[in-house]
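Number of protein chains: 2
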Amino acid sequence: MSLTEAILSGDSRAMARAMTLIENETSSAREILKALFHRTGRALVVGITGSPGSGKSTLVDSLTQEYRSQGKKVGIIAVDPTSPFSGGAIMADRVRMSRHYNDEGVFIRSMATRGHLGGLARTTEKMIAVLDGGGYEIILVETVGVGQDEVEIVRVADVCLVVLVPGMGDDMQAFKAGIMEIGDIFVINKADQPLVEKVQRELETALSMAARRDGWTPAIVRTIATQGQGFRGLVQQVDLFNQFRRGSLDWGARRRQIAEDNLRELLKERLLEKAIQQNGVWDKLQAASVAVTERKIDPYSAIDAIIEGL
Amino acid sequence: MSLTEAILSGDSRAMARAMTLIENETSSAREILKALFHRTGRALVVGITGSPGSGKSTLVDSLTQEYRSQGKKVGIIAVDPTSPFSGGAIMADRVRMSRHYNDEGVFIRSMATRGHLGGLARTTEKMIAVLDGGGYEIILVETVGVGQDEVEIVRVADVCLVVLVPGMGDDMQAFKAGIMEIGDIFVINKADQPLVEKVQRELETALSMAARRDGWTPAIVRTIATQGQGFRGLVQQVDLFNQFRRGSLDWGARRRQIAEDNLRELLKERLLEKAIQQNGVWDKLQAASVAVTERKIDPYSAIDAIIEGL
Numbered sequence: 086m087s088l089t090e091a092i093l094s095g096d097s098r099a100m101a102r103a104m105t106l107i108e109n110e111t112s113s114a115r116e117i118l119k120a121l122f123h124r125t126g127r128a129l130v131v132g133i134t135g136s137p138g139s140g141k142s143t144l145v146d147s148l149t150q151e152y153r154s155q156g157k158k159v160g161i162i163a164v165d166p167t168s169p170f171s172g173g174a175i176m177a178d179r180v181r182m183s184r185h186y187n188d189e190g191v192f193i194r195s196m197a198t199r200g201h202l203g204g205l206a207r208t209t210e211k212m213i214a215v216l217d218g219g220g221y222e223i224i225l226v227e228t229v230g231v232g233q234d235e236v237e238i239v240r241v242a243d244v245c246l247v248v249l250v251p252g253m254g255d256d257m258q259a260f261k262a263g264i265m266e267i268g269d270i271f272v273i274n275k276a277d278q279p280l281v282e283k284v285q286r287e288l289e290t291a292l293s294m295a296a297r298r299d300g301w302t303p304a305i306v307r308t309i310a311t312q313g314q315g316f317r318g319l320v321q322q323v324d325l326f327n328q329f330r331r332g333s334l335d336w337g338a339r340r341r342q343i344a345e346d347n348l349r350e351l352l353k354e355r356l357l358e359k360a361i362q363q364n365g366v367w368d369k370l371q372a373a374s375v376a377v378t379e380r381k382i383d384p385y386s387a388i389d390a391i392i393e394g395l
Numbered sequence: 086m087s088l089t090e091a092i093l094s095g096d097s098r099a100m101a102r103a104m105t106l107i108e109n110e111t112s113s114a115r116e117i118l119k120a121l122f123h124r125t126g127r128a129l130v131v132g133i134t135g136s137p138g139s140g141k142s143t144l145v146d147s148l149t150q151e152y153r154s155q156g157k158k159v160g161i162i163a164v165d166p167t168s169p170f171s172g173g174a175i176m177a178d179r180v181r182m183s184r185h186y187n188d189e190g191v192f193i194r195s196m197a198t199r200g201h202l203g204g205l206a207r208t209t210e211k212m213i214a215v216l217d218g219g220g221y222e223i224i225l226v227e228t229v230g231v232g233q234d235e236v237e238i239v240r241v242a243d244v245c246l247v248v249l250v251p252g253m254g255d256d257m258q259a260f261k262a263g264i265m266e267i268g269d270i271f272v273i274n275k276a277d278q279p280l281v282e283k284v285q286r287e288l289e290t291a292l293s294m295a296a297r298r299d300g301w302t303p304a305i306v307r308t309i310a311t312q313g314q315g316f317r318g319l320v321q322q323v324d325l326f327n328q329f330r331r332g333s334l335d336w337g338a339r340r341r342q343i344a345e346d347n348l349r350e351l352l353k354e355r356l357l358e359k360a361i362q363q364n365g366v367w368d369k370l371q372a373a374s375v376a377v378t379e380r381k382i383d384p385y386s387a388i389d390a391i392i393e394g395l
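Listed in order, the protein sequences are those of chains W and Z. Read the first sequence against the working numbering and you will find it ends at 395, with the numbers running on by one and no gaps. Read the second sequence against the working numbering and you will find it ends at 395, with the numbers running on by one and no gaps.
Only chain W is shown next, with the shape it has when bound in the complex (with noise of 0.2 Å):
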């Protein structure tokens, strides 16, 4: 059996091995993916994103045993903000510590930002797609952080989970402005705490003051993690999101765009390594970096002889 049998019949070593192949950047993931292609769009990709310290990882916990309880499987794709010196150890403490860890129906993935600097979008998609490929209805993604990452997430997503938590104080303030407007969903987690209706009355004004372009009124849900409460509720909201967003205009022309955004990286991709294989541009490159660290010429010129030398 190949190995991308393995993976349509939902081997979960399959699916491990392909994400390595993945994050290697191998050739063979690359045939992989291309004979998954057929047999993925099917899953429902679930964002969740959120300050630190939000409860993001009991949520996606309670959220993954909501789904499992429906007799869904679910895959969980956890994004680390590494630094670029550390590796991706983090979260893998967090794998260990989920509690459906010896569930065969999750599979439950970390990966490093470390290594794709530009491209956490584009190698989240292909994780998707393994997932989707192996029967992963339900594929959640999560990241930790209020920078760019939330924003590649929304590019993915199907819905996005904004989680929030009461007595954010002045951080609510430099929350909205990172995040605010990707959020389908709004989770005010550890809804038991107090402050939970100024969170709540905070979030209402700024989600009224912004309409939004494709008319969806951002639900918000509240939920404790810890105890798994309000999980069926939100899982009702989701549905009815991804409902709403299949009907929506918008929806196509986004999937389109990025179908289109994915392609021309893909063709950059191929061109420079069709390029590289050329006679003497590896060299070239090489000494081009050199010269440009010593100053000796700027990167444009330096680029210029290369694409003159083709």
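No wet-lab data here; the hints were simulated from the structure. Small disclaimer: the values here were computed from a predicted structure and weren't measured. Be careful, since some hints might not be right.
[As the list claims (entries may be wrong)] Listed next, the stretches of chain W that the computed footprint assigns to chain Z, with coverage defined by at least 3 CB atoms under 8 Å from CB atoms of chain Z:
| hint | stretch |
| --- | --- |
| 1 | 117–127 |
| 2 | 376–387 |
[What the hints assert, rightly or not] Result set (DSSO-like, lysine-lysine): computed pairs, CA atoms no more than 27 Å apart in a straight line:
| hint | chain 1 | residue 1 | chain 2 | residue 2 |
| --- | --- | --- | --- | --- |
| 3 | Z | Lys211 | Z | Lys157 |
| 4 | Z | Lys119 | W | Lys353 |
| 5 | Z | Lys359 | W | Lys353 |
| 6 | Z | Lys211 | W | Lys381 |
| 7 | W | Lys119 | Z | Lys369 |
| 8 | Z | Lys359 | W | Lys359 |
| 9 | Z | Lys369 | W | Lys353 |
| 10 | W | Lys359 | W | Lys369 |
| 11 | W | Lys158 | W | Lys211 |
| 12 | W | Lys381 | Z | Lys353 |
| 13 | Z | Lys119 | Z | Lys158 |
| 14 | W | Lys119 | W | Lys157 |
| 15 | W | Lys353 | W | Lys119 |
| 16 | Z | Lys353 | Z | Lys369 |
| 17 | W | Lys211 | Z | Lys353 |
| 18 | Z | Lys353 | W | Lys119 |
| 19 | Z | Lys359 | Z | Lys369 |
| 20 | Z | Lys211 | Z | Lys359 |
| 21 | Z | Lys369 | W | Lys359 |
| 22 | Z | Lys158 | Z | Lys211 |
| 23 | Z | Lys359 | W | Lys369 |
| 24 | Z | Lys119 | W | Lys369 |
| 25 | W | Lys157 | W | Lys211 |
| 26 | Z | Lys353 | W | Lys369 |
| 27 | Z | Lys353 | Z | Lys119 |
| 28 | W | Lys158 | W | Lys119 |
| 29 | Z | Lys211 | W | Lys353 |
| 30 | W | Lys359 | Z | Lys353 |
| 31 | Z | Lys381 | W | Lys211 |
| 32 | Z | Lys381 | W | Lys353 |
| 33 | Z | Lys381 | W | Lys119 |
| 34 | Z | Lys353 | W | Lys353 |
| 35 | W | Lys211 | Z | Lys369 |
[Claimed, not checked] Cβ-to-Cβ under 10 Å is the rule here; a few derived chain Z residues that face chain W:
| hint | residue |
| --- | --- |
| 36 | Glu354 |
| 37 | Val366 |
| 38 | Leu395 |
Beta carbons are placed, not taken as given, at the ideal position from N, Cα and C, and that holds for glycine.
Could you slot chain Z onto chain W? The hints should help.
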């Protein structure tokens, strides 16, 4: 006088115009950067990052004040982690709020991350080149958030400051995971607040656990940005690290790697441009985008077909 000459003479309107050309990715931007190259590489680039609410904007203001008192010209690039749907309006307020708004020795530019997906570091480098060419000796790059942006900052900054505040509580853990290792200097701001000793201890413990490959022991500096306290000491630490860094072995290798990455990106973009200028390639790319969206063909096969036709 050409735009490039105006920039080299320190004309701030010319600099602003060049930056807009860069943001819009015009071909004239490339010509300007090419002409500026031999006059750049002199500025000290200081990256400043940390959680929302840590008072980074005020800190940047006070740091600017300190450098101004030394007679140095200061450029500030404020990176705005705005969502793909809004503009970059938040940081525009930030610019107006600066007390250096009317100081000709200070140039402030806000930059929305929108449209720079995966290219934030490169666009920032180009902005830095303009400030550098314009004779700004100190360039402060400030970002919000604890995600991918901050990791990218490491690549463009000579010195990276990470800002903390007392009373971070649970956030400390996530904080450590995210950006602990990118700090050359840690700044405990709002150092007049209670719990300052606690955050210092936690920081020291965290730092003692991970020795840096380059042998540098990150300094911890306390500031009260609202009162301008601690900034002479902070500037001294920045100078100290800068000297250390220039003498370290890693430094040369890192600069070479950055140059090579930039050259590869430039080469990719130029190759794509050249390919798309060929007859029919643009149309093929559009048709492929539709076909992939409709799942009639996988992206890899679509690109194979385009590549073969070149």
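Now for the hints, and whether the structure bears them out:
1. 117–127: holds (count 5)
2. 376–387: holds (count 8)
3. Z/Lys211 to Z/Lys157: Between Z/Lys211 and Z/Lys157 the Cα gap is close to 21 Å, so the pair holds against 27 Å.
4. Z/Lys119 to W/Lys353: holds, 23 Å
5. Z/Lys359 to W/Lys353: OK: Z/Lys359 and W/Lys353 at ~11 Å, within 27 Å.
6. Z/Lys211 to W/Lys381: Within the cut-off at roughly 18 Å; holds.
7. W/Lys119 to Z/Lys369: holds, 19 Å
8. Z/Lys359 to W/Lys359: Distance ~14 Å between Z/Lys359 and W/Lys359 Cα, so the pair holds.
9. Z/Lys369 to W/Lys353: Holds: Z/Lys369 and W/Lys353 sit about 15 Å apart, inside 27 Å.
10. W/Lys359 to W/Lys369: Distance ~15 Å between W/Lys359 and W/Lys369 Cα, so the pair holds.
11. W/Lys158 to W/Lys211: holds, 18 Å
12. W/Lys381 to Z/Lys353: holds, 22 Å
13. Z/Lys119 to Z/Lys158: Within the cut-off at roughly 23 Å; holds.
14. W/Lys119 to W/Lys157: holds, 26 Å
15. W/Lys353 to W/Lys119: Holds, at about 18 Å.
16. Z/Lys353 to Z/Lys369: Holds, because 19 Å separates the two Cα atoms, which is no more than 27 Å.
17. W/Lys211 to Z/Lys353: holds, 21 Å
18. Z/Lys353 to W/Lys119: Holds, at about 23 Å.
19. Z/Lys359 to Z/Lys369: holds, 15 Å
20. Z/Lys211 to Z/Lys359: holds, 22 Å
21. Z/Lys369 to W/Lys359: holds, 19 Å
22. Z/Lys158 to Z/Lys211: holds, 18 Å
23. Z/Lys359 to W/Lys369: holds, 19 Å
24. Z/Lys119 to W/Lys369: Given that 27 Å is the threshold and the Cα spacing comes to 19 Å, the pair holds.
25. W/Lys157 to W/Lys211: Holds, at roughly 21 Å.
26. Z/Lys353 to W/Lys369: holds, 15 Å
27. Z/Lys353 to Z/Lys119: holds, 18 Å
28. W/Lys158 to W/Lys119: holds, 23 Å
29. Z/Lys211 to W/Lys353: holds, 21 Å
30. W/Lys359 to Z/Lys353: Holds. W/Lys359 to Z/Lys353 sits at ~11 Å (cutoff 27 Å).
31. Z/Lys381 to W/Lys211: Roughly 18 Å separates the two Cα atoms, so the pair holds.
32. Z/Lys381 to W/Lys353: Between Z/Lys381 and W/Lys353 the Cα gap is close to 22 Å, so the pair holds against 27 Å.
33. Z/Lys381 to W/Lys119: Holds. Z/Lys381 to W/Lys119 sits at ~12 Å (cutoff 27 Å).
34. Z/Lys353 to W/Lys353: holds, 5 Å
35. W/Lys211 to Z/Lys369: holds, 23 Å
36. Glu354: Holds. Min distance 7 Å.
37. Val366: Result: holds, 9 Å to nearest chain W Cβ.
38. Leu395: holds, 8 Å
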